[in-house]
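Novice: Once you have looked at the hints, place chains B and C with the ligands on chain A.
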Amino acid sequence: MAMTRDEKFWEGMRWAGFGATFLFMAFPIFWMILTSFKVARDAYSTKVFFSPTLNNFISIFQDPYNFGPLLFNSVVVSFSTVAVAIPAATCAAYAFSRYQFKGKNALMVSVLSSQFVPPVVVVLPFFILFKNLHLLDTRLALVILNLSFVLPFAVWMIKGFIDALPPDIESAAVVDGCNRFQVLRHITLPLIMPGVVTSAVFGFIQSWNEFLFALILTNQKAVTLTVGLMGLHTDKGILWEHMAAASMLIMIPIFAISFTIREYFISGLTMGAVK
Amino acid sequence: MNSREKYVKWVMLAPALLILIGTTLYPFLYSFITSFRFWRLTRSAEPGAFVGLANYVRAFGDAGFWNSVWVTVLFTIISVTLSMAIGLAIALILERATKLNTFMKSLLIFPFAMAPALKGFSWRFMLNPDYGILDAMIDFVFPFWSDVVWLGEPYWAVFWLAMTEIWGWAPYIALVFIGALGALPQETVNAAKVDGANTFQVFWHVTLPQLMPIVIMVGLLKTIFSVKMFDQVVTLTGGGPGRATETLNFYVYNQGFKFYDMGYASSLAYILVTTMFIFAFIYVRFLMKGEQN
Amino acid sequence: MAGIKMVDVKKQYPNGFVAIENMNLEIPDKEFVVLVGPSGCAKSTALKMIAGLEEISSGEMYIGDRLVNKVPPKDREIAMVFQSYALYPHMTIYDNIAFGLKMRKTPKEEIDKLVKEASEILGMSDLLDRKPRQLSGGQRQRVALGRAIVRHPQVFLFDEPLSNLDAKLRVKMRTELKKLHERLHTTVVYVTHDQVEAMTMGSTIVVLKLGAIQQVGSPLSLYSFPSNRFVAGFIGSPSMNFLDCTIAEENGNLFVDTGAFRLMLPEDKAAKVRDHGGKEFIFGIRPEDIRKRREKKESYSEEHINAKINVIEPLGKEMYVNLSAGNLEFMAIINARFPLKPHEEVELTLNMDRMHLFEKEGEKEAVAHTAKNATTLEGARLMADLDESDDD
Ligand SMILES: Nc1ncnc2c1ncn2[C@@H]1O[C@H](COP(=O)(O)OP(=O)(O)OP(=O)(O)O)[C@@H](O)[C@H]1O
Ligand SMILES: [Mg+2]
Chain A
1 MAMTRDEKFW
11 EGMRWAGFGA
21 TFLFMAFPIF
31 WMILTSFKVA
41 RDAYSTKVFF
51 SPTLNNFISI
61 FQDPYNFGPL
71 LFNSVVVSFS
81 TVAVAIPAAT
91 CAAYAFSRYQ
101 FKGKNALMVS
111 VLSSQFVPPV
121 VVVLPFFILF
131 KNLHLLDTRL
141 ALVILNLSFV
151 LPFAVWMIKG
161 FIDALPPDIE
171 SAAVVDGCNR
181 FQVLRHITLP
191 LIMPGVVTSA
201 VFGFIQSWNE
211 FLFALILTNQ
221 KAVTLTVGLM
231 GLHTDKGILW
241 EHMAAASMLI
251 MIPIFAISFT
261 IREYFISGLT
271 MGAVK
Chain B
1 MNSREKYVKW
11 VMLAPALLIL
21 IGTTLYPFLY
31 SFITSFRFWR
41 LTRSAEPGAF
51 VGLANYVRAF
61 GDAGFWNSVW
71 VTVLFTIISV
81 TLSMAIGLAI
91 ALILERATKL
101 NTFMKSLLIF
111 PFAMAPALKG
121 FSWRFMLNPD
131 YGILDAMIDF
141 VFPFWSDVVW
151 LGEPYWAVFW
161 LAMTEIWGWA
171 PYIALVFIGA
181 LGALPQETVN
191 AAKVDGANTF
201 QVFWHVTLPQ
211 LMPIVIMVGL
221 LKTIFSVKMF
231 DQVVTLTGGG
241 PGRATETLNF
251 YVYNQGFKFY
261 DMGYASSLAY
271 ILVTTMFIFA
281 FIYVRFLMKG
291 EQN
Chain C
1 MAGIKMVDVK
11 KQYPNGFVAI
21 ENMNLEIPDK
31 EFVVLVGPSG
41 CAKSTALKMI
51 AGLEEISSGE
61 MYIGDRLVNK
71 VPPKDREIAM
81 VFQSYALYPH
91 MTIYDNIAFG
101 LKMRKTPKEE
111 IDKLVKEASE
121 ILGMSDLLDR
131 KPRQLSGGQR
141 QRVALGRAIV
151 RHPQVFLFDE
161 PLSNLDAKLR
171 VKMRTELKKL
181 HERLHTTVVY
191 VTHDQVEAMT
201 MGSTIVVLKL
211 GAIQQVGSPL
221 SLYSFPSNRF
231 VAGFIGSPSM
241 NFLDCTIAEE
251 NGNLFVDTGA
261 FRLMLPEDKA
271 AKVRDHGGKE
281 FIFGIRPEDI
291 RKRREKKESY
301 SEEHINAKIN
311 VIEPLGKEMY
321 VNLSAGNLEF
331 MAIINARFPL
341 KPHEEVELTL
351 NMDRMHLFEK
361 EGEKEAVAHT
371 AKNATTLEGA
381 RLMADLDESD
391 DD
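Chains as they are written, first to last, in our numbering: chain A, 1 to 275; chain B, 1 to 293; chain C, 1 to 392.
The shape of chain A in the complex, shown without the other chains (with noise of 0.2 Å):
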């Protein structure tokens, strides 16, 4: 069919925004990545040509800036608040999905409220409470904390997922001979399973970026890798090359995750949202 005018205009306006889309949406990550190979003298400018070298990379992880043990406290707080979550969640998330009962519409409300409730209102008192317990600077104050917005989203997530598999095919292992456990366990959770794992990014990235909770509740022993950051921000000034690679170590692994994952990745980041 040949175009209208009217359509020839809006088609080259698609191609013009769909330029001006992947500038807006790489440019930032581009510059990141190209400022954490200069050297410092090179990263105080807008040149694109330079000679590149891998100094900043090896930089970050010695004295003083030390990220070595920040990379490990945010692998184990974002690991531990997914062990503890996911499976938490995918439980409660079938009981929502596939029972009736009293107050169940009030409970899952008030689980999705809780993703609602802004961060400082939870690290007020906490911040009290894990002063007296001595819990301040610990990886296990952190997963707490991290536990209260991760978790009711993997709820609504995964229940998501569970609302769309037909009760049907459960029904239909019973009969053939499964129980309650054989159920899930044959039938349900392999079929959920790219819901949870999902879930399970979802959460991760979430507990890896974290921020507010890490600055107010460590100082060193639990630092992660975003509040890290702002030991770069020197009485120098900020150290742009080394926060450059600094910031590499946090995106990549984030990017790669949710790169593999990327279609279910993108059918899950509506669910939970919208129906």
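Derived from the structure by calculation, the hints contain no laboratory data. Treat the numbers as computed from the prediction; the structure is a model and nothing was measured. Hints are not guaranteed to be accurate.
Listed next, the in silico DSSO-like pairs over lysine-lysine satisfying Cα-Cα at most 27 Å (straight line) [what the hints assert, rightly or not]:
no., chain 1, residue 1, chain 2, residue 2
1, A, 236, A, 221
2, B, 9, C, 74
3, B, 6, A, 102
4, C, 317, C, 341
5, A, 104, B, 6
6, A, 104, B, 9
7, C, 5, C, 30
8, C, 178, C, 30
9, A, 8, B, 99
10, C, 70, B, 9
11, C, 131, C, 116
12, B, 6, C, 10
13, B, 6, C, 74
14, C, 179, C, 116
15, C, 70, B, 6
16, A, 236, B, 258
17, A, 131, B, 258
18, C, 168, C, 179
19, A, 102, C, 10
20, B, 228, B, 258
21, B, 9, A, 102
22, C, 360, C, 209
Which residues of chain B face chain A? A few of them, derived with a C-beta cut under 10 Å, are [said to hold, decoys possible]:
no., residue
23, 11
24, 17
25, 39
26, 108
27, 117
28, 170
29, 227
30, 228
31, 231
32, 268
33, 273
34, 276
35, 281
36, 283
Note that the Cβ used here is the ideal one computed from N, Cα and C, for glycine as well.
Specialist: Just chains B and C with the ligands now, with coordinates in the frame of chain A:
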């Protein structure tokens, strides 16, 4: 279902509910009580006397508080409208499922998945008047702006703070809209074309009205998250210049963890919670309506 | 092998909704029984209770001689085919069929033998390596069947297994299912909302409405002797004509008075409503029992009326004719050899031996044959024989 089965669901719910009671309900109530107390951590580790509504009354006379409310409102309006508009535009651009668009959609994940704290730093770097690449580009295109220190001017600082938020959220919103656009019946568009509507008219009279429920949902969700935004204030502007980018969230943080005034911080936090829950309430109403069907 | 017995079975869902009030039903061993009724009449609920997927609120359920109220589904020796097929999407067809056997710890070689056998019966031996999403609707339906027959259960439960298929395949599968029943010779409980499917497949049909059994009987007995207006209207296509009427008496004869016309009741039917003069009834007659009037006397009690033709739908051998008499509208099936035209007046003969009268209150059939009771098969055959002669 026999009687043993009746307990199964509660056993399954228990871990999640207990965790949430501990991590959300407990601090939620604790903050509420604290908001009626005098309590400076610098003076005492023990909570002080109940002072009734004094903390709330204090907020009303506090210029810093009103400033933070204004900044939050401004930031929210800019970031919500722009991220929705840009998100919708991107969705329309990438609507068709071509190979190139699929590639672009995967690219959209990145800004969204990037740590907000990092967004702040990266934009701060690009906006630096001496060596910032974005600053250089703007100066090149708009020479009359070459003297502007972007993060040094109050309104521009709020704008760029919103920009970091838009940069992360527009892609997310675009992905949601792309999903919604794909679910719209193509017949209505074809019918409108047969009726002689041009591309813009089709969008305005047919596509957009059908998209409206999702637009409202996403708008509410974005509003909630804009009010919650915190990380970039610290990493992009640190609240400055002056107090120009001190959002309510940041103000609460300062009261609590710079001045250690727990009572006052809690009451401010509760003012924040109340406004957020108005939006959250509307959002949840919409979502649960979808849940029933 | 086993029959099924339900005694005062009640089902109340957790939300308080009573889906089934008080169901009593006995399904003999090896019978092909069809539960039929409109959407939402609790057919699936009944089936799920037999399967044990839904708990019985009160009453007793027997499979064979065993009280199964507390027996979990896996120990009931039943197999079920779901409306949506409910195949396991992540397993191959082979694993789908074998899953039930595996759960029962059947030895591997035995499983292999049984799966091969079942897939041969259903003609899908070459599909075993595929996943369900790689199959067509008809093939999926076969897999669902295969999953059921491989276990050699005591009872088969089918929940609208054909409703997702296109019309042609549906007709074909009907025959295949019946053949399968003959071959396996097992009790089958088959649920459908399609009365044609019910009539063609069941040896016994159970008609349900809003969770209550309306009538149980053979297809022909339901057709000829519906016990109430609901069954009369539900069974048969096009549906029976229903006209409001009263009973009038004149010279010792009883008449059905519809306002537009009066029809004399045959002796045996009149006897049942003699003392109901003046009461309101619903007169029911099937379109196929209204014919164009002919010269020769019919073999049944006939009455004649005049009517105007509104619309004719020719179907080949016969035609559906929509008619009106006075302000009443009704339908007749008339042999296509008559040259009828719309807006013509036509003289009709009504077969009064096959008419029905339903009480306005409660809609119960008031003039059913007593000798040929509605639930006996013989009665139906007798009536069917009556008009063999007249389809010239
Ligand atoms: N889990 C449930 N909770 C409450 N009510 C239910 C539940 N399942 C079914 N019902 C109600 O019970 C009634 C019977 O449902 P059922 O599924 O048995 O109908 P059906 O005859 O199989 O209908 P269809 O032909 O549409 O499949 C309906 O009114 C339905 O709304
Ligand atoms: Mg059903």
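Novice: Take the hints in turn and mark each one as holding or not.
Specialist: Hints versus structure:
| no. | hint | verdict |
| --- | --- | --- |
| 1 | A/236 x A/221 | 24 Å, holds |
| 2 | B/9 x C/74 | 21 Å, holds |
| 3 | B/6 x A/102 | 12 Å, holds |
| 4 | C/317 x C/341 | 16 Å, holds |
| 5 | A/104 x B/6 | 14 Å, holds |
| 6 | A/104 x B/9 | 11 Å, holds |
| 7 | C/5 x C/30 | 13 Å, holds |
| 8 | C/178 x C/30 | 12 Å, holds |
| 9 | A/8 x B/99 | 21 Å, holds |
| 10 | C/70 x B/9 | 20 Å, holds |
| 11 | C/131 x C/116 | 17 Å, holds |
| 12 | B/6 x C/10 | 20 Å, holds |
| 13 | B/6 x C/74 | 20 Å, holds |
| 14 | C/179 x C/116 | 19 Å, holds |
| 15 | C/70 x B/6 | 15 Å, holds |
| 16 | A/236 x B/258 | 23 Å, holds |
| 17 | A/131 x B/258 | 16 Å, holds |
| 18 | C/168 x C/179 | 17 Å, holds |
| 19 | A/102 x C/10 | 22 Å, holds |
| 20 | B/228 x B/258 | 19 Å, holds |
| 21 | B/9 x A/102 | 12 Å, holds |
| 22 | C/360 x C/209 | 18 Å, holds |
| 23 | 11 | 8 Å, holds |
| 24 | 17 | 7 Å, holds |
| 25 | 39 | 9 Å, holds |
| 26 | 108 | 6 Å, holds |
| 27 | 117 | 4 Å, holds |
| 28 | 170 | 8 Å, holds |
| 29 | 227 | 7 Å, holds |
| 30 | 228 | 5 Å, holds |
| 31 | 231 | 4 Å, holds |
| 32 | 268 | 9 Å, holds |
| 33 | 273 | 6 Å, holds |
| 34 | 276 | 6 Å, holds |
| 35 | 281 | 8 Å, holds |
| 36 | 283 | 8 Å, holds |
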